[in-house]
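Undergrad: What follows is the residue order along each chain.
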Amino acid sequence: MNLPRTLYEKIWDSHVVEERPDGSTLLYIDRHLAYEITSPQAFAALRKSCRAVRRPELTLAVADHGVPTTGCRTQPLADPGSRMQVETLEANCAEFGITYIPISDERQGIVHVIGPEQGFTLPGATIVCGDSHTSTHGAFGALAFGIGTSEVEHVLATQTLVQVRSKNLRVQIDGELPRGVTPKDLALAVMARLGSHGATGHVIEYCGSTVEALSMEGRMTLCNMSIEAGARAGLVAPDATTFAWLKGRPMVPKGSDWDAAVRYWSTLRSDVGAHFDRTVNINAYRLAPWVTWGTRPSQGGMVTGSVPRPEDATNEAEAAAIARALSYMDLKPGTRLTDIRIDRVFIGSCTNSRLEDLRAAAAIAKKGRVADGVRAIVVPGSGLVRRAAEEEGLDRIFQEAGFEWRLPGCSMCVAVNGDQVEPGKRCASTSNRNFEGRQGPGARTHLMSPAMAAAAALAGRIVDVRDFL
Amino acid sequence: MEPFTILKSRGVAVLLDDIDTDMLFPAQFCKTLDTTGLGQYLFARERYPEFNPDAANFPLSRPEHAGAEILVSGRNFGCGSSREHAVWALRDYGFRCVIAESFSDILYGNCFKNGLLPVVLPRAAVDALAQLTRTNPAETITVDLFEQTITAGGLGPFHFKIEPHRRHMLLEGLDEVGLTMARADAIDAFEKSHFRSQPWLLRTG
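Chains as they are written, first to last, in my numbering: chain A, 7 to 475; chain B, -17 to 187.
The set of hints was computed from the structure by calculation and includes no laboratory data.
All values reported here derive from a predicted model rather than from experimental measurement.
Check the hints yourself; a few may be wrong.
[To be verified] Which residues of chain A face chain B? A partial, calculated answer using Cβ under 8 Å:
(1) S30
(2) A58
(3) S156
(4) G399
(5) R402
(6) Q405
(7) E442
Cβ atoms here follow ideal geometry from the backbone N, Cα and C, with glycine treated the same way.
Okay, chain B solo, but in the shape it has when bound (with noise of 0.2 Å):
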């Protein structure tokens, strides 16, 4: 997985709250066997013109936000399905960073596992940036995940949050099912007496 460390770039608000992960990435573009080359799709009922007749002012369409590689949305992002297609999506399009008011768990979680870092700001935190990449869009904002930071054009800074396992696991980009791997000791122990004490979680048969 590609580290996360330090991220300057240009930001796009999609200003809304609970964003569910059917308008990041409809469920009718979910049968494929890959994880790349799903950018394309999202947001695609907001952006394609047969879907929405106002997509040309969808803001990921506006040109001034071309590159952008930050995401700034409202409260509850990527509640609903646990499809892990729209963070896949969100990654292929260019975000490594999306900053919002909150997150559903499940894509929250899935965020760490694609090097894209999802950043809980206070409301007033997150109006402040989506204002910003409105007036001025070309105004670089700066994402430290050393510092646990966020700055941009006299704004900040905003200091966030992030468990200390994640994080680490973004900074140096690892194979987290690597490093459980290695922990296999551990793991036939715990089976051993589990296993022991509920027998019948072995007998499916």
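Chain A with its partners taken away, still in its complex shape (with noise of 0.2 Å):
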């Protein structure tokens, strides 16, 4: 008799090409997505040796971090390093036999948005991308983790990578979340409890009522997440939820294939008695909105709160972290996290710029107005979530609201396209990351839900949105 496996192993063993004797693995890749920022040195590698790209079809390339999120898509790119990078990215596309999705192109967006939505995305696959947020395609119980520009190379020149196993770890999640609470705060609250390294070496697996409840968007935000507790990856099991959502989209099995696929998709869980090195578990219930106050994602808690004192940490290391993140941050020990004014709101990144989450933030932008004095922006995670949020109307109400409706992309999330926050300004934002100068130089970032983003927008402070529905 078999041993029982988890989900990662079940997907692990079935792409392994060879185990060898020195304990590595050379593991099968099924999909490889590619962009502008950390793909053009491997392209450069293959051509310096002669090499060719092994199987162009299993390579999906989009440019999205540099891409501006105003003007005309159809104009060459008004910065030089950007315009350099994406139209080498198209050269390299072209010269290689690679499928490009120009930006001119409606199904253009953020790689981890237009992965899942054209279909390219499949359970049980293994998916890698120069991007450390490749976790996000877990959510339909992929093996999808992010790699360096050397292995994007090898990737391409070969279709495997050599690998270690990693550990597991379950996250088990249950109850019904809370009004006002989302799978953002869920995200949140689950970075909090592991800490910024305490996932590192292990792919997680997020099961449990709450999330066999999510949508397939709150099982993205959720596995886009995990790399901030440094998971290699993370992983829902796939199931009605996941199938329905993938029927009929451009690049998934059609016909019989779908009926196989299906079949084979649905042995994909973890079996009874599998071993789990570790198992973290979570009462969905008692969470509020979440709300972070440092510059690591892990640092933050409920809107409810306030601003921790170094003194309150548990050991020297972490007292020390806290009072560089609140030096960093202008903030002092104690205060309430609703009396921190913000400055700008970003709505949009991989974590947070699909449909559910727009229409999430616009059903609070239609209560009001932004604030005097703050800055607001709508990024779409696509063309095409831009256009069905436009015939939802999304667009309108935001507009009204004073928010600014922009084109899809990476944007103020890595804050390398020209959108960014002005050193020493605050802002409220759906991204995943608040490390210091990330959003832009001196920018201090608090990251928070799509609602509640938009509920700053217009409090021009942070406010727990339940006080809007």
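Assemble the dimeric complex from its two separately framed chains, guided by the hints.
TA: And the structure:
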């Protein structure tokens, strides 16, 4: 009889090309996503060694990080660095025969939004991209993880990676999410529990009644943040919700292929008795809307709370980390989180730029106007998300409330496309990282859900979104 | 890739936990097509006065640490973005080895592709080495990948672990892509059975 296996182990085992005596594994990669910042050096290395791309049809490319969210997409980009990178990606894809979605195409968007949207992301597949938030695709029960550019080259040339097996971490979340609490709040609460490195060396499987009840958008938000605890990947077992979301998308299997795929995908769940190295339990019903006060995603708390005091830390290193974060964030210990004023609002990123996120933000935006002195932007995750939102009238709701309605891209999450927070300014952001300087040199970031960010825009300060419901 | 065997060099400590790749290599400098010449951007927001008024006191700015090829740091070094630019910048700046209490998974892997040795040591050893770089910056630290030890000025030897395949790649300075391409037969055989059982994986159109 076979030993019970975790979902991660099942996907891993089905992709082993060979196991080596030195403990490493040559792992097959089914899907590769490429974009303009971390791929040019990989293509250059291939060219230098006269190497071909082994399976061009298994890579999909799009430009997202450096693409402006205003202006005209059919004109050359104004920024010389971004123009060079986007044109290089186009030229590399043409030379090596890789499918490329141009920035003027409505399907363009953030690589982690368009992969699922096009059905390039499939359950049971191994998926990589030169971007740490590749963990997003784990929402579909795919083993998806970020890689460096040398590994991008390795995948292009061989469709494999040399890997070592990770440990299994189960995050079991049960109970109904209370009113006003969204998957983003859940993700931030999980990060706070695990800490900035608590999942290093592990693949997380999210399970429990809360996770089963989440939409695919919500599962993507949750898996997206896995890397913020150091996890190699995050996973949710595929189920009827997954299959219903995928069915009919351009690149998913059709006809009898679809039926066979669903039969196989339905076997992708951890066996009873499978071994997890660790299990963490979370009660969803105890959560409240969450907001970060520090410079790591794990440094946050419920919006009803206050900025912590370094002396309350459990050890010296943590106390020093809190002190450094509060100095950078210009916050005093004991300040109520709802007393923190904000200058900028960013609704977007691979964490929170899908239709469900925009609906949640718009539902709040229609209750008021962006406060004086606050500049708020909404950046859809893809051109298709943008159009779907416009068909529902969300763009008008945002614009009438004083939000700017932008073109798709990574935008103010990584702040290399011209959208950035000015030094010393404070941003309520639906993105995934509040690191020092992440949204621009000297920028201060508070991570929260789309609804919380929209509420902050109206109030001009961090506010409990439940006051608006 | 340049092999790594035994390194004797002075060290410099930036003893913070959770140094992320945005701190190592701010995203604004990622608009490049190159892997070389990036050392100037390493820790840019710490090292340059236009970003940090106290830049002159950042350890890498101090003259006594010039030429250090060993960086000593804290827990979870290199977390965050997967950008290999951080490793290219560390190498271009002159580092050959980073000693830390722990590393992020992605940066740890990226180091080996570029001839940079990441060494995990217990906190007490990291603290002792960091202290040594401050009190006696000219002291030589010896990193021996054959023996998997670190010794310095009466400290150690500290033994470290490393996966055999990664150690081998570094010692020999091997090209991993070339080695895997030599396994084309095994990959062909795998693909045949993989795409027979999941034919939809090949139909992306």
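Undergrad: Each of the hints needs a verdict: does it hold here or not?
TA: Hint check results:
no. : hint : verdict
1   : S30  : 4 Å, holds
2   : A58  : 10 Å, violated
3   : S156 : 4 Å, holds
4   : G399 : 34 Å, violated
5   : R402 : 33 Å, violated
6   : Q405 : 29 Å, violated
7   : E442 : 7 Å, holds
Taken one by one, the earlier hints fail for this structure at numbers 2, 4, 5 and 6, listed in ascending order.
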